[in-house]
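As a plain string of letters, each chain reads:
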Amino acid sequence: METQQNHLTIPIIKIPQGRLGMWVLIAGELVIFGGLICFYLLNRIRYPHWGDMAAHTNTFIGALNTVVLLVSSYTVVRAHQAALKMDVAKVRLWLSCTLLGGILFLVDKSIEYAHEISEGFTFTSPKLVAAGDHVGSLFWSYYYIMTGLHGAHVLAGMTVMLIILIQTRKGKNMHRVELAGMYWHMVDLIWIFLFPLLYIAK
Amino acid sequence: MATTILSPGIQVGLEDSHGPGNFEPIHHSPDHDNVVFADPATNYHGHPHYGRILITLLALLAVSLTVGYVFSPALAIVLIFATAAWKVAIVMRNFMHVKYEPLFIFIAIAAVLLIIYAFFFGVYPDITAVPRDVTFPR
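Chains C and F supply the protein sequences, listed in that same order.
Every position in the first sequence, counted from 1, becomes a number in the working numbering once 1492 is added.
Every position in the second sequence, counted from 1, becomes a number in the working numbering once 400 is added.
No lab work stands behind these hints, which were simulated from the structure alone.
Hints may be right or wrong, so weigh each one.
As the list claims (entries may be wrong) - Now the stretches of chain C that chain F is said to cover, found in silico as 3 or more residues with beta-carbon under 8 Å: (1) 1516-1526; (2) 1552-1560; (3) 1586-1595; (4) 1671-1682.
Claimed, not checked - Using C-beta positions, here's what the derived DEER-type ranges look like: (5) C:1621 / F:447: 17 to 27 Å; (6) C:1663 / F:470: 46 to 56 Å; (7) F:515 / C:1537: 13 to 23 Å; (8) F:489 / C:1616: 31 to 41 Å.
No experiment lies behind these values; they were computed from the predicted model shown.
For every residue, glycine included, the Cβ atom is placed at its ideal position computed from N, Cα and C.
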């Protein structure tokens, strides 16, 4: 308890600058995704028909992607732990595992998108619109915006991770492993909410 | 180098040349490009058992996937989002080390959540009270 209280009273100027900057970035990202999730929820309440549309999303792939992101969050935190010990080999191993997780996520997402598009569910869903189902079409617009923006964040996180993987080859910039990890955890957090919204609540 | 004691057994050094903004001891390589963290013993972040946390998260995921088959839809939705919130809390506390961060970080996160909460309930009447002007086949 004493330890916790002492940590709580650390002044802001003593938080390492990189970590503080990352928290500011994460706060901004959470507002963006929070707004999107709010609008999705409001429309979901307004249009019960969205439940029928959500029934078309692939729960298995969604669950698989959740497992992939949770495991990759674990691997990146292990990379951070190894970075603190200046264990370059382990840092590179765990970062590579995280990158692999990101690739798996995007491959799963691509398979899922290909399936949805082949069923006629696209950003504009012309088949639904032609049938007068504008509300159903709106669901897919939200689906592609939310998952697409999240996918872009996964790609950004992977790019950062790759740069850090190269930089840490000679044991350089090890402190950046934690910062990349924080970003990756944020990507994981957002998916934890997107998964039940888009894949389970039908 | 000044040293401050955060808690029994944890010491954090402050490097004078970098002012009070640097909380951890910092070492520089000759090219001044290799700023690294201190060894774990002097870092104010703790490290929980990450393997156990991952197992807990996967177990919660399994729960969220199965409740839909066990409970009524209304109860299942509540449980699904409760487990999602629990998973988020676990990731933030342990993987993002929020439980080791100072009060400022808690306040920043709480402010973000408050903004989202205010946004949701601020917009709620505008979206739900407007008459539906679109139709769809049932």
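Comparing the hints with the structure gives:
1. 1516-1526: holds (count 5)
2. 1552-1560: Answer holds; 3 residues pass the 8 Å Cβ test.
3. 1586-1595: violated (count 0)
4. 1671-1682: That given contact holds, which follows from 6 residues of the segment 1671-1682 of chain C lying within Cβ reach (below 8 Å) of chain F.
5. C:1621 / F:447: 17 to 27 Å: violated, 53 Å
6. C:1663 / F:470: 46 to 56 Å: holds, 51 Å
7. F:515 / C:1537: 13 to 23 Å: Cβ of residue 515 (chain F) to Cβ of residue 1537 (chain C): about 20 Å, so the range 13 to 23 Å holds.
8. F:489 / C:1616: 31 to 41 Å: Holds, since residue 489 (chain F) and residue 1616 (chain C) (Cβ atoms, about 38 Å apart) stay within the stated range.
The earlier numbered hints that this structure contradicts are 3, 5.
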